[in-house]
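Peer 1: Line by line, the protein sequences give chains C and U.
According to the numbering used here, the first sequence holds residues 15 to 564 in order.
According to the numbering used here, the second sequence holds residues 8 to 461 in order.
Errors might be hidden in some of the hints.
Only pairs whose alpha carbons sit at most 27 Å apart, straight line, appear in this in silico BS3-like list of lysine-lysine [to be verified]:
1. C:Lys560 with U:Lys65
2. U:Lys162 with U:Lys65
3. C:Lys391 with C:Lys200
4. C:Lys235 with C:Lys339
5. C:Lys147 with C:Lys323
6. C:Lys323 with U:Lys162
Just so you know, the hints here were simulated from the structure itself, not pulled from any lab data.
Nothing here was measured: the structure is a model prediction, and the numbers come from that model.
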Amino acid sequence: MAHFDVIIIGGGVNGSGVARDCAMRGLRTLMVDKHDICHGASGANTGMIHGGARYMLYDVHTTKTSCEDSGYIQRIAPHLLFRIPFLVPFFKSDPLAQVMFAGADMFFSAYDVYQPLKRGKQHTRLTREEALKLEPGMTPDIIGALTMDEWGIDPFRLVIANAISAREHGALVRTYTEVTGLHRGKDGRVTGLRLTDVLTGAQEDVEASVVINAAGAWAPKIAAMAGANIRLRPGKGVHVVYSHRASNYGFITFGVDGRQMFLMPHENGTICGTTDDDYYGDLDHPVATEDEVAYIREAGERVLPSLSKFRMQRTYVGIRPTLYKFGVPEDALSRAHRIFDHADDGAPGLFTMSGGKLASYRQFAQEATDVVAKALKNTTACRTHVEPLPGGEAPPDLELWSKAFQWPMLQIGRLAYRHGSRARKVLDLAEMEPAWVNTVCACEPVTEAELRYVIQNEQVRRLADLRRRTRLGMGACQGARCLNRACAILRDEAGLSAAESLRELRDALTARWRGNTPVLEGPAASVAELMNHVNFGVGALDEVWKVTPP
Amino acid sequence: MNAQKVDAVVVVGGGAAGALAAVAARRAGAQVIMVRRGGGATTQSSGAVDVAEDHEGKPLGPARSAFSSGAPYLDAARRLAARNPFHPYARTDGCVDAIPDALKLLTEVAAAVELQGSTQPGRNLVLASVMGTVKRSALAQSCMVAGDLAQETVKPGEKIGVVHMAGLPLADGRHVVATLRYLGMLGAGGEGGAPNLHALEVSHFRRRRDALRAPRELALALESEGGGVALGQALKAALKDSGGVDRVLLPPLLGLTHMPDVFRLVQEAAGVPVAELLSLPPSVPGERLQRALDEGVKHAGVEVMEGEATRALVDGKRVVGLEVKLASGGAPQEVRTRSVVLCTGKYLSGGIRREHRFFEPLLDLPVFIDGRHVTEGFVGDETSSRPEEQQPFLRAGVLTDPQLRPLDAHLREPVFGNVYAAGSVLGGYDPTRERSGLGVAAVTGMLAGRWAAR
Chain C
15 MAHFDVIIIG
25 GGVNGSGVAR
35 DCAMRGLRTL
45 MVDKHDICHG
55 ASGANTGMIH
65 GGARYMLYDV
75 HTTKTSCEDS
85 GYIQRIAPHL
95 LFRIPFLVPF
105 FKSDPLAQVM
115 FAGADMFFSA
125 YDVYQPLKRG
135 KQHTRLTREE
145 ALKLEPGMTP
155 DIIGALTMDE
165 WGIDPFRLVI
175 ANAISAREHG
185 ALVRTYTEVT
195 GLHRGKDGRV
205 TGLRLTDVLT
215 GAQEDVEASV
225 VINAAGAWAP
235 KIAAMAGANI
245 RLRPGKGVHV
255 VYSHRASNYG
265 FITFGVDGRQ
275 MFLMPHENGT
285 ICGTTDDDYY
295 GDLDHPVATE
305 DEVAYIREAG
315 ERVLPSLSKF
325 RMQRTYVGIR
335 PTLYKFGVPE
345 DALSRAHRIF
355 DHADDGAPGL
365 FTMSGGKLAS
375 YRQFAQEATD
385 VVAKALKNTT
395 ACRTHVEPLP
405 GGEAPPDLEL
415 WSKAFQWPML
425 QIGRLAYRHG
435 SRARKVLDLA
445 EMEPAWVNTV
455 CACEPVTEAE
465 LRYVIQNEQV
475 RRLADLRRRT
485 RLGMGACQGA
495 RCLNRACAIL
505 RDEAGLSAAE
515 SLRELRDALT
525 ARWRGNTPVL
535 EGPAASVAEL
545 MNHVNFGVGA
555 LDEVWKVTPP
Chain U
8 MNAQKVDAVV
18 VVGGGAAGAL
28 AAVAARRAGA
38 QVIMVRRGGG
48 ATTQSSGAVD
58 VAEDHEGKPL
68 GPARSAFSSG
78 APYLDAARRL
88 AARNPFHPYA
98 RTDGCVDAIP
108 DALKLLTEVA
118 AAVELQGSTQ
128 PGRNLVLASV
138 MGTVKRSALA
148 QSCMVAGDLA
158 QETVKPGEKI
168 GVVHMAGLPL
178 ADGRHVVATL
188 RYLGMLGAGG
198 EGGAPNLHAL
208 EVSHFRRRRD
218 ALRAPRELAL
228 ALESEGGGVA
238 LGQALKAALK
248 DSGGVDRVLL
258 PPLLGLTHMP
268 DVFRLVQEAA
278 GVPVAELLSL
288 PPSVPGERLQ
298 RALDEGVKHA
308 GVEVMEGEAT
318 RALVDGKRVV
328 GLEVKLASGG
338 APQEVRTRSV
348 VLCTGKYLSG
358 GIRREHRFFE
368 PLLDLPVFID
378 GRHVTEGFVG
388 DETSSRPEEQ
398 QPFLRAGVLT
408 DPQLRPLDAH
418 LREPVFGNVY
428 AAGSVLGGYD
438 PTRERSGLGV
448 AAVTGMLAGR
458 WAAR
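With the rest of the complex left out, here is chain C (with noise of 0.2 Å):
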């Protein structure tokens, strides 16, 4: 039986942040999740590594931890990080508006001190008519603005990065593996884990001195498998993608009931949400609800009328995994992080991660680390905030590159995002078959030799998993042109039997239509008539699908 110093279970932002920094103080690792990194709330979230300027009302501790790792992740991965510049306006119709103006100009001025952490700009303080020329679009209904500045992230390459880090550093990470068994010592102590691969049904058994349990809002149901409980109020938060760009800054707006959302632009689209509700559904395959989608309009539109006119393209949804507390509002839940150590419910050697934010996973990941360290006895001390993410070694030289290699600006840029300066494996894949610069999904855009590339070493088992790895499909066409294409690609690489390739398109294709169909309004309805005459009106998908194996 494989023994290992430390399994973790869960690829999130979280598992994989632990099994990077395990591996990097040299413990033998594992990391397993029953579906693909990256694919829970982890890549589900607003995109953002922010300072926690929030927390500063009652937690000035964690505005200053989240500050300093929010400029440690920009040191470990640059090109993944993209500034957002926000403005936060005040609005006429409210009473209080010029109190909150000064007050909040007051508070932005004590968040400045933590801005240099994280190469943040100071805050400045914008006349009504200054707001409405940077931001046209933008309510007259204000008095003023306020400027705040954050850094946006591609959440699925933060994860993504880690896990690759961790396998470069020796860790094993195994994705669609399902643990369905725990193995339990004299002590009741956690020895091991039964782990069942659930696209092949193959099962095995792995021993280790300490299980991680990151397994986020399924957590309760891993430590339960040790008699443990765990305590979660999960909490559902949508937010609605537009296709476009929709203004030039973010902005923070407030939904009907006061809460406060972002309305920002993201990659190539408009984020906007995210809701806080309490959850009690299936875990696996939550979806929004036209309701939902409507309270997320309204706060958006009342930033910024103009938001009306832009198509919205899909929405999406995690579930938070956020402490237990009774008798609170959702809102008003602690963001902050804890690990459990089960010994305390007779399972010594297993700890669950609980809580915690995208941007506070490092320093989780590193608390979390020392725990095992501890119990481990092992003294190396983390790296993970000197050490650079793959593809964050150096920033490459894009107009170069676009010269000595031809691709247009565009194509380049988009790919050495994703990849920083290991982008140019992929141009050089290119170099070895020109042919695979052809343009697969023409929304974001992603080449065939990126697909290629990510197939061959980013641990790609499933289609859905190319989405998470180059945005394929998640532009404005929303996969109704490139995941037939990308199919027949994964196919070639990856030796999918015909059946297997149906079903691929089959489960990437009804992922994409849940997220769909709550916003079928407007353009989005004709989108969706398109990709319905692709798929079933000239693929004829609907016949073949009913013989094709789950």
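Since the structure of chain C is provided, determine the placement of chain U on it from the hints.
Peer 2: What follows is chain U alone, placed relative to chain C:
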């Protein structure tokens, strides 16, 4: 203001339904004006004409081969009509019986793409798509018909080559072969019942600059001097290496406006019948069909206004004029209408929209899903979470009387005495799951045009 003297039959929309309505009305002696905004669903289509298919409820598998053409398309259309009282085939006077006429008219109007049917009249062609799946069509362009994979036409032992061009994003020949083989094996007789398919590696369009070109640019390259000959030679070389095949399927690229020339050049060079695979959008054969229709419409003496009908002028129960915003700019023009044929399509073309509620934007006609008048309400009620299942959402549209005049919200009488509708603005059927889109467009377009010209 428009100086128009005689009231015209005004056709709104220039896809297949609009083209047939315009030509049918013109042939009935009317003055016809077509107002059109741009390419719609016809441009995005595979370029083959589906009418209906029917397999007596048998799923793919031992009971029914993927390569079975099923019932003759007219019988299939009758069965569709019998099953679904809201289907245009069921609701419209003499609709199914008029299909042969409509297909003939479509063939004449779109003469440039040389539409043809099966060698056995009335039977569906079985055509493979770039996905490697198959669908049934009544007619196809001359450069597609040799791709008929119907059991009845595939000779025992016949070898079919599928062109694979590395780096061509349009179609992956190897993937098509693998998927078609799998579909074949599902049928009775397993591997023995499937056509004998082989990938044919053709080294063409392999350079970096080709890889960056869109399908229509590649199609135009084949139309340019020597383009077709070069592909033919590459194909010939590949055929020699492969030991020869009896037929060749290739990516849908055989020219945009001069398809017959390109097609024949390539076929002659190959020395065996060649056929395009069915295309997904952006579709060269779809654009080719649209261009052929445009040509036919102009040839028939229809006046075409490029622009958008933005408002209707109503007098009692008649639409007496349309305000048209021309694409070329300037003040809106008023067009006086004797009758109006609405061929504005569904969501993709803007004929039906949903913004909080379902509506028909030009005349505010009531929209129905099956028999229900739909206004507000959750779209979740009109969709299934499994995309392959029926999506009532896609059956939204206007419902008409037997003369294709859109009905009021109570389904009692036409909203306007002189407004007709044709094509996918009609509700009650889902062209994508039935695979009946261009067939319904052709027959309802033709009938609506005739009736509007009375």
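Peer 1: Taking the numbered hints from earlier one at a time, note which ones the structure violates and give those numbers from smallest to largest.
Peer 2: Number 6 - this is the single hint that the structure violates.
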